[in-house]
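Fit chain to chain and form the complex, with the hints in mind.
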Amino acid sequence: MKPKRLSYLLGLAALSLVLLLAACTPESRSSSGAPKAASGGNESTAEKVTIDFWTFWGSETRRPIIEKIIEDFNNSQDRITVKHTYLPFGDIWTKNLASIAAGNPADVIINDYADVNLRASKNQNTDLSEYLSKDDIEKQFYPELWKNVLYEDKAYALPFNTDTRLLYYNKAAFREAGLDPKQPPQTWKQLEEYAQKLDKKNGSTYERVGFYPLWGDFGVDSWLINGDGGNGYFGENDQLAFDTPGKISTLEWLKSWQDRLGRQTVDAMKADFGSGVSDPFISGKVAMYIQTGTYNTQIEEFGKDLEIGVAPIPEREEGSGHWSSGGGFVVEIPKGAKHPDEAWEFMKYLTGVDAQKYWALKNFDNVANIEAAEDPEANKNAVYKASVENLADTKVFQVPLSASGYKDLINPHTDAVFLGKETPEQALQGAEKDVQALMAKSK
Amino acid sequence: MNRSAAPATGKSSGGAPKIDAYSVPVGKRRRSPREVLVFVLLSAGSLLFLLPLWWMISTSLKSPQEIAQYPPTFIPKEFHFENYVHTWHAAPFTLYAFNTLMLAFFAVVGNVLVNSFIAYGFARISFRGKKFWFSVLLATMMIPGFVTLIPQYVLFSKLHLVGTYYPLIIPQFLGSAFYIFMLRQFYMGIPKELTEAAKIDGANHLYIWARIVIPLSKPALAAIAIFAFNGAWNDFLGPLLYVNDEVLYTLQIGLQSFRGSVQTQWNYLMAGSVIVLLPVIVLFFLFQKYFIEGMNLTAGTKG
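Those protein sequence lines, which keep their order, are chains A and B. Per my numbering, the very first residue in the first sequence carries number 1; after that it's consecutive. Per my numbering, the very first residue in the second sequence carries number 1; after that it's consecutive.
Chain B on its own, in the form it takes in the complex (with noise of 0.2 Å):
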């Protein structure tokens, strides 16, 4: 992938460094002391974090029986694995899926293409109030989603938008304050020579963005692609207020309605969860490079 851009690459992302450093050979037979703590700490850390995932994957597979059982079982007794069959066909989870799908693509394509060109200008067109503008943009991420809920469902409604896919659509592309923010930090650090190389052989700004900023910024850009995917995903509060025809719901509706208001069917909301999860562990272990190189991005953007 990188290597159209290769000689770029390597000057450009600063993270890249930092990445060989896990690679350094430790195959010396001796770990300090320190080291092996670290290491159990660790690992002790990781199977905290394992064990809810262990514990809905061991749910789902139970019984109703079995799990109102005291004490609680950690491995099943039996294997129901028809739990998860049940579960995709007690609500049009097909529809669900594909309608889930449609809203991330939107808002993967939206957030990278649309924040990417917002960044591009925070980040080398200089003009007026640009410093001005940059901080009200920043301003916006201070206030918080729930004060803008209800008027920004008002202003859908006087559209005639809600009960379509619109209010869930346009948003994502009308630009983030936290992703322009994070894309600009990602620009700011392409060496100037580059694009005023360009600027003197005549390429425009437009032609400066799409041919050499974006592929520079893949890491980048990938990591805002699964956040984007991943919020659009696990939405559950905009699909809720803004659709009203259940032809149009998304998975995390769907999964909701095994959790009744008397009692809940754990066995299937929790095959349920198992099935929704899936897609962004894939992606994950897929991605894994650029999800970590994003946070590297979050964390490393003082200066």
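Chain A on its own, in the form it takes in the complex (with noise of 0.2 Å):
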């Protein structure tokens, strides 16, 4: 008797677990695969489509920002409705992979430049051609930025924002050092000038560095694109660019700085920069420093009595170019998504003048689109404007599918340099050839 008992208590325990289990069934089954029809009681559109957004824009700053323009989006026509969703920087593209691999994807993602080419290649995300061949909205977009949604000549993506490095310098520091705070440097050798007037020394100490071309957001890769007439690692056809002359003299020249201020220096001062108020320029520590147009906020936030002024990175010498490095975000539609066509209205709507517009203005950030960042409003913000008329030397590399990961390769030689183990040309050529290598392996 007592058995049926329990037995009885544990059926009754299990029913109770499955109708909760049943309970916590969201409403809307959105992703399911079953798209739900007419959900709400709007009976005015019987195909009323919802589309899924996801972004990693979860923050109290942008977060408003892009709901806004969604908002904007779902009340401008009422067709479409976009359901926005907030996934973590990075986790994201990891849930983008698992729900392509079983065939529920979002709609619309926003994804990196740097390998749109991989994803198309892998089969991850969707031609745009045809949208394109009906819509062609190629010519509002920087053609640099462009060339990065672009495998073997067709578009897998919208380019959506971007970003460039500028030389931020001190004017306080300039007139202390007999400098004119309007003639920032033009050339690399004006930099070497300026950077030794600015150096203030306390016995053998520095208090303050004039420049160092390696700290800030400017590496060894963006100096090399620089120093070698905007080119990157790879030229046309894939084909290897490392060793060349303007590239090993480049290397020379970073390497001049370090010998000068000492490795020792250099490795003490780095390990001092912090962020926020304890960031090197925004502390004095530095009077010339290269960041990104959005490191002006920070400025704004944390060093509000610092008079800066900025300027295009210094070309190499009179006429081989300011070639400045960037990247940025695309919107693309993921492979298997259920609503592709709607998709593209609203990648339509957010590379468009209006939402591109309003990135800009709240953000301050570097938008695709070209008529929405040379917008006048935006542009009365000094460096903004600055780093917009800087984009037509910023270079945004997409890397050869081949040769993905090679920067694992380059670095222990660049770094081999700077402890004096090899010299710029052994390295170079070290690079080159371990990276072809690895695109012989992979072909």
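These are calculated hints, taken from the structure and not from any lab test. Even glycine gets a Cβ: it sits at the ideal position worked out from N, Cα and C. Treat the hints with care, as some may be off.
[Unchecked claim] Chain A side only, calculated, beta carbon under 8 Å to chain B, not exhaustive:
id	residue
1	D52
2	S59
3	Y86
4	L87
5	P88
6	D91
7	K95
8	A98
9	A101
10	A102
11	G103
12	N104
13	V277
So, in structure tokens, the structure goes:
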């Protein structure tokens, strides 16, 4: 008898569990594949479509901006409703991959420039050429950015935003050193002269360093582009361009800065750098510093008394070009999305003038739409204006498919230069050989 | 708790005498140098382990300016308790906490019930191919989670369950090799006489499992409950992959909203982390005994 009661109790427990489980199914199984027809009480249009839009903009600053843009889109027409879902940066792409594999991805997602081509080759995003033949919007974007959404001459994404690097300089320090704050350095030679004048030493330690090329947001890769006429590691047809005379002399030049200041000084000062108020430029430890356009918001927050100017990155010699480097994000349709047509409508809106202008105004972030980027309202901000002008000299590079992961091969060589273990020529030759081997293997 | 089954517990839980060893009076004045050394080393070790925890708490009370300061301050100059209030309201954390609690509840119920049920079968019932199936079960422990991630996702997607909590709850009711192994070893230690006596009295397996084995294995089950709770509470990848609606997000996903592509709001992230960690710490102190016993169970299963 007792065992019977027991199994009865167990059965009851199981039943209540099932009921509880049923209760926690959300009302809308939007992504489960079955599109829910006429979800609300809206009877106006029978075929209103809800599309999923995934971004990593969940912070208190960015979320309201993107959600306002979505709201405007939803109100602008009555056929499509965009549902925004925030996913953590980085992890968003893990989820994207899993959902593509399972065939239930989002309809629109924000992704990285650097490997649009990789995703296209692996069938992870959607070819947009059919839509582009109807709405030719290619011309509204910066050509440099457009280049990066192409795979085998077909577009697989639309550029959304971008960034560029500029030389920030401390005007008060310029005056103190007897330099004209209206005349930032134009060439590498001037940069060196200025830097030495701006150095402030107390005994053998530096109170202020005028400039050190590898502090800030402009690494060896970026300098090699700047010093080699705007050319990256990979030329036409994925030809390697590592040990070019331009790159060798650039690396030599970078090393000469370390030789002058001393490796110990460079390392010791670098160890002291923080962010915010202890940022080296904001705290006055460095007089000239290369950073992105949005770095200005940090200066406004933490360095209110700082009087700053911005200038393009100095060029190697007059006429060689003030080349800078950039990156940013694109919008694309994951492969297998349920509503690509509606997704396209929304992508057009996202990259259109109104939305892009709003994004630029609120974030002071560089946008991909030329007309929006050059809008006079946002350009009232001097640093933003300078960053927009700088886009003309900014290079954004696509990595050849077969060389994906190449940076891990280059870094050890460039590090060896600064440790004095390899000459710049040896390092670039070695790097080229390693990358070549990688490309041969993956072809 | 144990009183109902008092005569049996002393005999069954082989770990019990070990615990008594700690309470042997050490009050004798003289301690050997070796003991002192061990004590000092252990204290230093625990301080080392507590340091990150302190750092988290201290960061959670600072202003962004103070966090960025160099050299860093160990104790905040100003205590910004409002960070906690702000954090809680920056995202719908009350909802997230409720969601996470619900998932944790199912994880605990599922793991405790199902695993002990399966383990009973392996420990007490003899059937053909038992050894084979048990080794198959153990072999599944060798497969890293990342390998099964995508296939499992595709499976749930084909069942049209992605976007709901089912993919996070159902697996909790399908047994876990590690817990089954752990419980089976524990059940093997329960004297056969007890279950056999019950059998002679006419009890079936279900009855023996529910009325004899479960009450005797409370420490092991508590350990599993704690592990399951912790696992569900701290799970990030599961909810990230399977849930599409922000209404269903959990605390671990909510925390990530303070970490952006450009900058991280450390004070809020740390305040959130403290809040999320709190239940785990409370749980630890309440069930400390079982935590330790759980570890003994896993370590002492060689025989």
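Results of checking the hints against the structure:
1. D52: holds (7 Å)
2. S59: holds (5 Å)
3. Y86: With Cβ-Cβ at 6 Å, under 8 Å, it holds.
4. L87: holds (7 Å)
5. P88: Holds: closest Cβ of chain B sits about 4 Å from P88(A), inside 8 Å.
6. D91: This hint holds: D91(A) lies near chain B, its Cβ roughly 5 Å from the closest one there, short of 8 Å.
7. K95: Because about 6 Å separates K95(A) from the closest Cβ in chain B, which is inside the 8 Å limit, the hint holds.
8. A98: holds (5 Å)
9. A101: For A101(A), the interface hint holds, since the closest Cβ of chain B sits about 5 Å away, which is under 8 Å.
10. A102: holds (3 Å)
11. G103: Status holds, d = 7 Å.
12. N104: OK, holds: N104(A) within 8 Å of chain B, min 5 Å.
13. V277: V277(A) check passes; min Cβ-Cβ to chain B is 5 Å, inside 8 Å.
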